[in-house]
Amino acid sequence: METNRRQFLKILGFSTLSGLGSIPAIWALTPNSELGTPNSGKRWAMVVDMKKFKTEEDYKKCIDACHSVHNVPDFGNSKDEVKWIWKMPYKNTFPEQEDDYISGEMKQISFMVLCNHCKNPPCVRVCPTKATFKRADGIVQMDYHRCIGCRFCMAACPYGSRSFNFRDPRPFIKEKNTEYPTRAKGVVEKCNFCEERLAKGLMPACVEACKDNKALIFGDINDPNSEVRKILESNYTIRRKPELGTQPGVYYIV
Amino acid sequence: MRFFGLRPLNDSNTVRCENLSLSASNEIFTMIEKALTGDRRYWGWIFFLLSIMGTGFIFYLKQLNYGLRITGMSRDVSWGLYIAQFTFLVGVAASAVMLVIPYYLHDYKKFGKIIILGEFLAIPAVVMCLMFVFVDMGQPMRAMNMILYPTPNSIMFWDMLVLNGYLFLNLIIGWTTLSAERNDMPPPDWVKPLIYISIPWAISIHTVTAFLYAGLPGRHLWLTAIMAPRFLASAFASGPAFLIILCLIVKRVSKFDPGIEAIQTLGKIVTYAVIINLFFFLLEIFTAFYSNIPGHMHPFKYLFFGIEGHGKLIPWMWTSAVLTFTAIALLINPAVRRNENILMVSAIAVFISTWIDKGMGLVVGGFIPNPFEAVTEYSPTMPEVLITLGVWATGLLIITVLYKIAVSIKEERI
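Protein sequence lines, in the order shown, are assigned to chains A and B.
Position one of the first sequence corresponds to residue 0 (numbering that gives the first Met the number 0), numbered consecutively onward.
Position one of the second sequence corresponds to residue 0 (numbering that gives the first Met the number 0), numbered consecutively onward.
Be aware that a few hints might be false.
Here are a few chain A residues that sit away from chain B, every Cβ distance over 10 Å (derived from the structure) [to be verified]:
(1) 64
(2) 95
(3) 180
The following label-pair restraints were derived from C-beta to C-beta distances [said to hold, decoys possible]:
(4) 88/A x 333/B: 55 to 61 Å
(5) 173/A x 381/B: 27 to 33 Å
(6) 105/B x 135/A: 33 to 39 Å
(7) 140/B x 4/A: 43 to 49 Å
(8) 135/A x 202/B: 50 to 56 Å
Which residues of chain B face chain A? A partial, calculated answer using Cβ under 8 Å [said to hold, decoys possible]:
(9) 188
(10) 190
(11) 199
(12) 202
(13) 206
(14) 370
(15) 371
Please keep in mind that the hints were generated in silico from the structure rather than gathered at the bench.
Predicted model only: the values in this text are computed from it and were never measured.
From the three backbone atoms N, C-alpha and C, an ideal C-beta is built for every residue, glycine too.
Sequences are here, hints too, so could you generate the full structure?
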């Protein structure tokens with residue numbers, strides 16, 4: 000019995016050491032998507048100027064522009080719903096700011112919500128296949144062909160930004176845009192900051208849709224001369240759940 | 000074709016003589032043969048399980064075709080019954096280690112007879128875990144992407160490693176020690192290190208599975224350092240509780256008696272574990288409600304009292320609570336739990352209670368309210384329940400076959 004226990008402790012010690020020893024080895028053999036991303040010096044970010052959203056039409060044109068260009072299906076029910084950018088009341092957008100005496104205006108207005116393209120994205124941290132990854136320019140992107148549909152990223156996202164294709168979305172796309180891929184059932188999707196348009200030198204679809212009143216401002220937050228930076232310097236802005244340390248890339252002027 | 004024959008193997012002498020000339024593969028066949036000989040009751044049970052598996056499989060094909068929309072899951076509650084079963088069953092797999100520690104480290108001989116039952120329960124438990132993760136996937140044909148693109152920053156990567164590792168450890172250990180017993184030989188020396196490694200390994204499967212949840216920002220119910228200890232406590236309650244149930248069934252349907260004292264010791268282990276599990280739960284309640292932080296209180300309020308008129312899980316959670324208290328009341332007095340019927344009832348109570356609490360309560364409760372502090376409720380659909388039953392039936396079939404083999408070998412030795 001004594002020898003057994005001694006033997007056990009010896010083996011336990013060796014196995015713990017070798018187990019711990021294998022961690023850096025596995026780490027080295029498998030390039031880390033999140034930590035290994037070199038920073039290109041650029042980080043795309045968005046400012047949502049809530050003062051500019053006045054009519055229903057102001058919201059609708061942004062949402063429609065995004066959803067039509069990205070082949071986002073409309074299932075007509077909330078259970079299967081897929082959405083990239085949408086409206087949310089103040090109390091849901093900033094639940095930790097709950098206040099009975101908030102101004103009547105704040106109680107009424109809806110905020111534009113979308114993926115925050117976090118600097119420290121929890122979704123990227125948990126994805127077991129690197130199907131969701133952070134690019135050098137800060138965009139948190141999806142590889143629809145690699146996603147296994149485990150939905151760990153949906154559990155990890157503290158902003159409820161991710162949607163899952165619970166069914167084949169293709170029959171529910173009103174007008175197909177052949178410039179952007181449609182998705183298969185069983186994969187997760189979300190806002191991609193229009194990386195496909197940025198690659199062509201265009202602004203994101205939602206930003207372009209409301210360019211006359213400049214309700215959404217988009218640009219490189221690391222560039223001190225960019226429009227977003229100037230707006231951030233001259234306005235008080237807030238971000239969703241900053242206490243979680245995710246460093247969201249979407250700012251709100253209230 | 001003796002292998003397919005239904006002739007009972009009561010002539011153990013001839014079997015043992017044949018053994019000397021049998022190759023290793025034949026050894027496996029003669030072991031499997033034991034699972035192919037049984038009375039009417041045995042085959043009735045097997046075909047009952049096969050029919051449930053078949054039904055589940057048909058509905059799984061339907062799910063493959065239509066997508067996960069045939070389940071009750073939604074954008075807000077994106078994990079449901081499947082992942083709840085997975086989380087619970089990781090705990091059941093702990094059955095083995097609660098026998099291995101006393102037997103191999105403390106030389107508690109009374110567990111010698113049933114240790115194989117613990118190992119043979121861990122195997123189907125882990126198989127069910129893997130199956131539940133698989134049926135939950137949106138793109139199951141891409142499952143290999145987890146190996147093709149290994150991602151160590153994902154806890155799921157580590158969970159895959161530890162669960163598969165634990166499965167293989169128990170397969171090798173269980174099979175080798177049982178073959179040795181059958182040949183009246185001591186187990187080979189090389190299994191000993193594997194047995195010792197299986198102890199911390201068992202702890203790791205609970206810890207890593209708890210880490211799947213405990214590291215997510217913004218999910219208040221899950222974001223707690225005590226998640227891994229809670230997983231261990233509930234595992235050491237539900238695993239041995241299920242083992243008590245199985246031991247008492249084995250005792251009734253076969254000539255093999257696991258031994259009163261071994262079963263009573265399991266009862267003692269369950270008693271400690273279920274009390275510790277309750278204690279840990281109350282610690283969570285204290286922190287959430289004394290701190291008065293809304294986000295921390297909401298999931299508990301939803302689970303036990305409902306929020307904004309939503310409360311589908313209320314009856315379940317209170318059932319779980321009542322069962323836990325009943326089990327503790329019955330188990331805490333050694334004189335009472337010595338009665339095998341009472342022990343059986345308590346073990347069933349513990350099993351169901353942890354199944355609710357660590358399954359649906361933990362998983363669904365984590366998603367309600369959602370990140371917008373709004374409530375979207377979840378209840379499983381009929382196809383989802385049938386697929387779940389199909390996986391459970393697969394697990395029970397594996398338990399039945401493995402136990403049949405182990406018990407037949409034990410019976411030969413009486």
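Going down the list of hints, with the structure as the test:
1. 64: Given a closest Cβ separation of 22 Å, the condition holds.
2. 95: Violated, since 7 Å does not exceed 10 Å.
3. 180: holds, 15 Å
4. 88/A x 333/B: 55 to 61 Å: The hint (55 to 61 Å, Cβ to Cβ) holds, given that residue 88/A and residue 333/B are roughly 58 Å apart.
5. 173/A x 381/B: 27 to 33 Å: Given about 32 Å between the Cβ atoms, the range holds.
6. 105/B x 135/A: 33 to 39 Å: Given about 56 Å between the Cβ atoms, the range is violated.
7. 140/B x 4/A: 43 to 49 Å: holds, 47 Å
8. 135/A x 202/B: 50 to 56 Å: violated, 39 Å
9. 188: Where the cut-off is 8 Å and the nearest Cβ of chain A is about 11 Å from residue 188/B, the hint is violated.
10. 190: violated, 12 Å
11. 199: holds, 6 Å
12. 202: violated, 11 Å
13. 206: Residue 206/B check fails; min Cβ-Cβ to chain A is 12 Å, beyond 8 Å.
14. 370: holds, 4 Å
15. 371: Given a least distance of 4 Å, the restraint on residue 371/B holds.
Going through the hint list in order, the structure does not satisfy hints 2, 6, 8, 9, 10, 12, 13.
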